[in-house]
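Participant: Listed here are the chains, written in short residue letters.
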Amino acid sequence: VNGFLRVGRADDVPMLEGRTVMLGSRRVAIFRTPDGFHAIGAVCPHAGGPLADGLVADNCVTCPLHNRRFDLRTGTAIGDHEGVEAHEVVVLDGELWLRAPAELEQAA
Amino acid sequence: MGGIVVIGGGIAGQSVCERIRERNPDVPLTLLCKEPSLPYDRVALSHLLAGETTREQIQLRPAEWYDDAGIAVRFAQAHELHLDARECVIEGGEALAFDHAVVCTGSEPLMPPVDGIDLSGVVAFRDPGDCDEIVRRAQSARNAVVIGGGLLGLEAARGIAALGCPVTVVHLVDRLMERQLDAGAAELLLAAMPALGVDVRLEAATAAIVGDERAEGLRFADGSELEADLVVVSIGIRPQVELARAAGVAVERGIVVDDRMVTSHPRALAVGECAQHRGTVYGLVAPIYEQAAAAADTLAERASSYDGSVQSAKLKVMGVDLVAIGQASGAREVVAADASSGSYRTLVVDEQGHAAGAVLLGDTRGHELLLEKVKTHEPVDDLLALLVEAGEASAADLPDSAQVCNCNGVCKGAIVDAIESKGLGSTQEVVAVTRAGAGCGSCKPLVKEILMLQRGGLGEEPSYLCPCRKQTREQLAAVVRERDLGSVSELSEACGAGRDCGTCKPGLAYLVSQVQENRHREERHARFINDRVHANIQNDGTFSVVPRIRGGVTSPDELRRIADVAERHGVRMVKITGGQRIDLLGLRKEQLPAVWEELGMPSGHAYAKAVRTVKTCVGTDFCRFGLGDAIGVGIELERMMEGLYTPHKVKSAVSGCPRNCAESYVKDIGLVAVDGGWEVYVGGAAGGTVRKGDLLDRMDDSESAIRLALAFLQHYREEAEYLERTYAYIERVGIEAVRDAVLDPSEQARLIERYAIAKAAADPDPWLERREPVHPKQFAELDTEPEPITPIDDALTRQEAW
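Protein chains in written order, with our numbering: chain H, 1 to 108; chain F, 109 to 910.
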């Protein structure tokens with residue numbers, strides 16, 4: 001897929017959970033919801049909590065360390081807090097693809 | 109500006125400080141405490157003796173309160189008071205300057221001048237130190253005697269009886285509590301004493317306490333004797349007036365004050381049990397609050413006029429309900445007695461036909477209304493009609509000025525205001541905000557009634573398991589039961605719970621597993637990360653691993669294996685936990701399966717809302733004081749409880765004797781071996797909240813003690829709110845409700861049956877998922893794999909042999 005990088009199998013992310021993968025120099029968390037897959041930055045800007053390990057509901061994830069919440073579709077934080085970046089993710093033949101960032105466009 | 113010095117750190121001194129600060133936030137204020145502790149609630153001493161509360165809990169205010177209120181607390185005794193020079197010399201010689209001094213030196217226990225009063229084993233009942241000594245001595249004493257059949261004496265006797273020591277109250281006159289009770293009520297009270305385990309001897313004048321070095325008994329004026337190796341003296345108080353007398357202030361029985369609480373010197377006021385107002389020295393708490401308010405008005409240069417208090421006494425012991433208000437006899441009185449129910453109610457009026465007093469025994473309904481009538485000297489024509497009306501009175505009939513909480517001096521109006529202005533919705537909140545019910549707690553039902561009235565039939569604001577959908581635990585449990593739902597997803601589908609913010613999903617997961625007795629369908633997305641990977645997430649996203657070490661007993665072989673695993677996997681810290689376990693910290697998710705395999709030990713559930721640990725002491729195995737097999741019983745108890753999930757974590761302990769080295773008194777479930785049996789404590793805590801557990805019961809053998817512990821565990825699993833610790837649950841419903849639920853033999857049998865079903869279906873060791881993960885990526889990310897397991901042949905057999 002043009003401009004995308006293959007990062008794993010869709011089945012490797014259980015329903016309503018998240019798993020991470022390195023994308024260039026950053027770690028990205030991919031979540032599976034009944035609406036499809038979402039990808040956001042994996043690290044909570046508050047204290048570095050692993051967002052992929054959080055509870056998922058209503059297209060939001062709650063950080064397991066101190067309960068900050070983020071919208072999975074946009075990466076924005078619920079409440080007046082710093083958000084995380086959102087990534088474009090597509091599924092093709094059971095494979096997960098993330099849009100490559102500028103630094104990796106060559107590789108894609 | 110020298111400000112105000114309050115001399116004395118009792119209820120009076122504390123109350124004066126609070127009332128002054130309410131009126132003037134800026135005036136410099138110093139509180140002198142003779143004892144090296146902050147003011148505590150002496151009214152709660154009987155609860156302390158009964159083991160129902162702790163020293164920390166009866167402290168009136170936390171240390172930060174004094175900082176916030178700008179009150180300088182000095183732990184020093186006042187030695188000299190120079191009123192004209194406006195200075196107070198304290199121990200060490202420092203002189204504190206002041207504009208006004210408020211003397212709140214309180215009282216000392218009155219000790220009868222008889223032979224033997226100084227013997228070891230003779231104790232007053234006045235402060236927490238006395239309580240400790242009484243408890244300590246009552247545990248080994250053969251017979252105890254309480255001299256004095258007044259309010260405090262009876263409370264002391266009841267406390268001693270509850271500790272299992274035979275006790276006799278000896279009283280000088282022919283009826284108990286003669287200052288508060290008429291003959292009829294005193295007779296009924298006397299009749300109620302044997303059921304409390306208290307003997308009473310009336311018209312007994314103590315001539316001497318006999319014994320060589322320690323008390324052995326009493327000798328009475330008529331020559332008869334009574335054996336006793338613990339003698340508690342509670343015959344009255346003597347106002348502490350030496351400081352004031354030396355300062356040249358007028359002193360009679362107490363320090364003489366006028367209606368503005370000012371002594372004979374304009375710079376000095378006096379409040380509380382050291383003060384004498386219009387000839388009366390008050391020994392109860394309610395008048396102190398009224399005096400403190402009057403004194404604070406005087407200091408704030410507001411009009412103040414204290415014209416005396418109506419005395420009202422409430423006996424705070426289990427099994428007897430008694431309220432005595434004002435005079436016990438007068439010009440006319442009416443008595444309504446019902447022998448069958450053991451209730452006795454009387455109302456007294458004075459010569460002018462004004463309400464003057466009441467005694468309510470057995471049935472104390474309406475005492476707040478009667479107290480209000482007596483306080484306002486209300487004219488009463490039909491005494492019986494008023495008595496009946498009071499008995500039927502509800503919170504709605506009380507005037508705003510009626511005092512609801514006598515311990516903290518809170519009237520109905522203040523409670524109503526707080527509910528309205530702060531939008532309070534639960535009794536717990538009202539108690540926290542107004543302090544009504546925070547003392548002895550006997551007014552809590554009325555506080556709740558007032559709240560219900562203000563909420564206009566809305567009922568207590570429930571705590572919601574799913575706050576987004578306003579669904580309570582009971583409602584959701586009913587849905588699970590009725591539709592026989594097996595998972596969180598089915599429950600969400602059925603009623604929407606957990607759909608919105610999702611933070612209640614772990615609570616829903618527990619609910620479904622509990623209702624279905626562990627035959628539910630497990631869904632990991634509803635579990636907190638700790639329960640997805642069976643380890644405790646740390647601040648850097650790594651995990652900690654705590655294997656089960658039942659009873660805290662390990663072996664050289666096991667320690668060697670743990671050490672090898674820690675080295676091989678680069679564990680960042682090995683730490684001994686507070687629960688007698690070993691914690692391996694700093695492991696990545698991917699390392700967990702291999703670490704568990706190599707340990708060959710089952711999960712310690714240290715990451716879960718579940719049964720955590722049973723701490724033990726070495727008991728009869730090694731200890732020369734041990735009375736019971738703490739290790740054997742602790743390991744057995746842990747085996748029986750482990751693997752069960754609970755509303756919040758459950759920490760336990762088994763101690764081999766009342767020295768309590770395993771800290772059983774401050775655990776959710778604690779067993780203590782005593783001479784001839786085992787005590788079972790529940791609801792203890794030693795974390796952010798410190799609470800001594802309630803004694804649930806005393807059992808003859810360890811088997812029945814374990815059975816009772818399991819029945820309580822199951823009761824807690826079924827009834828507590830999610831994330832409600834046992835201490836919070838017990839404080840919410842009351843220990844009596846818990847006793848009713850778990851001590852009844854048939855109820856207990858049903859609890860044990862449900863426990864057994866849940867235990868049989870519980871996963872004994874989630875760490876076995878290392879060999880059969882619930883998902884290929886349970887312990888890994890998309891771009892990582894779990895570290896390969898080096899199968900250890902005997903790991904599983906060894907573990908099964910555990």
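Bear in mind the hints are in silico, worked out from the structure with no lab data behind them. In this text the structure is predicted, and so the values were computed from the model without any measurement. A hint or two may mislead.
[Unchecked claim] Computed cross-link-like contacts, EDC-like style, restricted to lysine to aspartate or glutamate with a CA-CA straight-line distance of at most 20 Å:
| id | chain 1 | residue 1 | chain 2 | residue 2 |
| --- | --- | --- | --- | --- |
| 1 | F | K483 | F | E537 |
| 2 | F | K142 | F | E160 |
| 3 | F | K552 | F | D508 |
| 4 | F | K530 | F | D505 |
| 5 | F | K885 | H | E85 |
| 6 | F | K867 | F | E877 |
| 7 | F | K552 | F | E569 |
| 8 | F | K483 | H | D12 |
| 9 | F | K885 | H | D58 |
| 10 | F | K142 | F | D238 |
| 11 | F | K578 | H | D12 |
| 12 | F | K552 | F | E582 |
[What the hints assert, rightly or not] Facing chain F, from chain H, some residues (calculated, C-beta under 10 Å):
| id | residue |
| --- | --- |
| 13 | G41 |
| 14 | P50 |
| 15 | T76 |
Backbone N, C-alpha and C define an ideal beta-carbon position, used for all residues, glycine too.
Participant: Compare the structure with each hint and give your call.
Facilitator: Verification of the hints:
| no. | hint | in the structure |
| --- | --- | --- |
| 1 | F:K483 with F:E537 | violated, 29 Å |
| 2 | F:K142 with F:E160 | violated, 26 Å |
| 3 | F:K552 with F:D508 | holds, 17 Å |
| 4 | F:K530 with F:D505 | violated, 23 Å |
| 5 | F:K885 with H:E85 | violated, 24 Å |
| 6 | F:K867 with F:E877 | holds, 19 Å |
| 7 | F:K552 with F:E569 | holds, 16 Å |
| 8 | F:K483 with H:D12 | violated, 76 Å |
| 9 | F:K885 with H:D58 | violated, 23 Å |
| 10 | F:K142 with F:D238 | holds, 16 Å |
| 11 | F:K578 with H:D12 | violated, 35 Å |
| 12 | F:K552 with F:E582 | violated, 24 Å |
| 13 | G41 | violated, 14 Å |
| 14 | P50 | holds, 4 Å |
| 15 | T76 | violated, 15 Å |
Violation of the numbered hints given earlier is confined to hints 1, 2, 4, 5, 8, 9, 11, 12, 13 and 15; the remaining hints are satisfied by the structure.
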